[in-house]
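Asks: Protein chains in written order, with my numbering: chain A, 1 to 113; chain B, 1 to 256.
A hint or two may mislead.
Under the rule of at most 27 Å between Cα atoms (straight-line distance), these lysine-lysine pairs were calculated in the DSSO-like manner [to be verified]: (1) A:K85 - B:K200; (2) A:K5 - B:K248; (3) A:K5 - B:K218; (4) A:K92 - B:K218; (5) B:K246 - B:K198.
Output of the computed footprint for chain A on chain B, the stretches with three or more beta carbons under 8 Å from beta carbons of chain A [said to hold, decoys possible]: (6) 29 to 38; (7) 75 to 85; (8) 201 to 209; (9) 237 to 243.
Short, incomplete list of chain A residues facing chain B, as computed with Cβ under 8 Å [what the hints assert, rightly or not]: (10) L4; (11) K5; (12) R6; (13) S7; (14) L14; (15) F40; (16) G41; (17) E43; (18) D83; (19) S103.
Keep in mind the hints are simulated off the structure, nothing from the lab.
Positions of the beta carbon are idealized from the N, C-alpha and C atoms, including for glycine.
Below, each chain spelled out in residue letters.
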Amino acid sequence: MKELKRSNEPLFWLLFGAGGMWGAIFAPIIILSMLLLPAFGVEGGERLWRLVHDSIFGKVFMLAMIVLPLWCGFHRIHHCLHDMKIHSALVKPLCYLAALALSGLAFWAVVTP
Amino acid sequence: MADMNKMSLRVMRYNPERDDAPRMQGYDVPWDPSTSFLDALSYIKDTLDPSLSFRSSCRMAICGSCGVMINGVPKLACKTFLRDYPEGAAVEAMANFPVERDLVVDLTHFLEYIQTLKPYILGNQRRPEEGPNSQTPEQLAAFRKFSMCINCGLCYAACPQFGLNSGFLGPAALTLAQRYNLDSRDFGKAERMPHINKEKGGVWACTFVGYCSEVCPKHVDPASALQQCKVESALDFAAAVLNCTKKKEAGHGKQT
């Protein structure tokens with residue numbers, strides 16, 4: 001049997017799945033408590049921001065909060081473009097390089113004190 | 001029959017030897033609440049226009065021959081009734097397949113993909129004198145739903161990814177692969193996985209649109225089977241990466 005080339009999609013699909021779950025479970029409450037409610041003068045968001053600044057757990061959590069939905073989003077864009085009959089070979093590398101670059105930026109932003 | 005109500009049906013006609021493109025032709029068909037679309041097509045062929053071509057066999061949703069598009073939705077003509085379309089309906093050949101003539105499509109791709117995935121028990125060494133393989137109700141329940149497929153091809157007519165890429169193995173074939181991979185009597189998973197994992201046309205061409213499960217006349221739920229296939233393929237991917245790392249380590253060990 002001739003060797004069939006294995007798809008590397010599982011890697012991106014697992015990140016997509018993780019991002020989708022994170023986006024559904026954690027993202028709404030974090031956006032509400034850390035951004036929207038403080039904007040309307042509700043107190044408490046400050047404590048969460050301090051957690052992100054001061055603890056490893058907070059930093060890791062915030063990094064996952066930004067990075068996982070990024071991979072989920074770019075995976076969706078990649079497949080949406082395929083559905084819209086844009087089949088350029090550049091789409092996949094461009095989408096995932098963008099996710100990688102923004103993940104790097106998020107890492108820099110979250111980890112630097 | 002003369003005093004029955006009549007319904008206007010528009011039926012796709014296409015003769016590749018004569019027509020440049022398919023066209024719709026109207027027919028008035030007598031009907032009552034028990035008239036199926038297959039009855040209507042048979043009436044047209046028997047009394048109005050003997051040149052109309054369509055496939056059918058069992059008339060009871062078990063042979064899977066009479067798949068057509070009714071108002072753009074993939075349906076079995078024998079299991080769909082005129083009473084549900086009081087405004088009339090358009091009957092066309094199944095989408096995403098090349099049309100041979102009128103409502104008859106070329107299913108070659110689909111049948112080849114089913115063969116590719118070896119949907120039969122492989123590698124079971126048990127001999128007849130040892131008696132039948134036993135299976136617990138739980139082991140049966142794991143795959144039973146996926147074994148109800150009648151190979152009608154409606155899921156392929158529904159699948160936008162098969163429409164975009166006819167190299168995609170598609171819902172029914174991959175569901176059958178998963179059905180045998182889940183069967184406790186089967187040992188052929190290693191032979192099927194390379195096809196499921198492959199870059200062009202494997203399970204990863206599926207984007208979980210889910211329309212296949214909606215149109216399936218036997219409630220097989222191919223979308224769920226393909227999601228299970230993806231989990232299997234992802235685990236297989238992880239195992240391959242780990243094995244590769246182990247091999248490299250072993251190779252490195254020998255050198256030093």
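Asks: Compare the structure with each hint and give your call.
Replies: Each hint tested on the structure:
no., hint, result
1, A:K85 - B:K200, "16 Å, holds"
2, A:K5 - B:K248, "20 Å, holds"
3, A:K5 - B:K218, "33 Å, violated"
4, A:K92 - B:K218, "36 Å, violated"
5, B:K246 - B:K198, "23 Å, holds"
6, 29 to 38, "violated (count 0)"
7, 75 to 85, "violated (count 0)"
8, 201 to 209, "holds (count 3)"
9, 237 to 243, "holds (count 3)"
10, L4, "4 Å, holds"
11, K5, "5 Å, holds"
12, R6, "5 Å, holds"
13, S7, "4 Å, holds"
14, L14, "6 Å, holds"
15, F40, "37 Å, violated"
16, G41, "42 Å, violated"
17, E43, "42 Å, violated"
18, D83, "7 Å, holds"
19, S103, "20 Å, violated"
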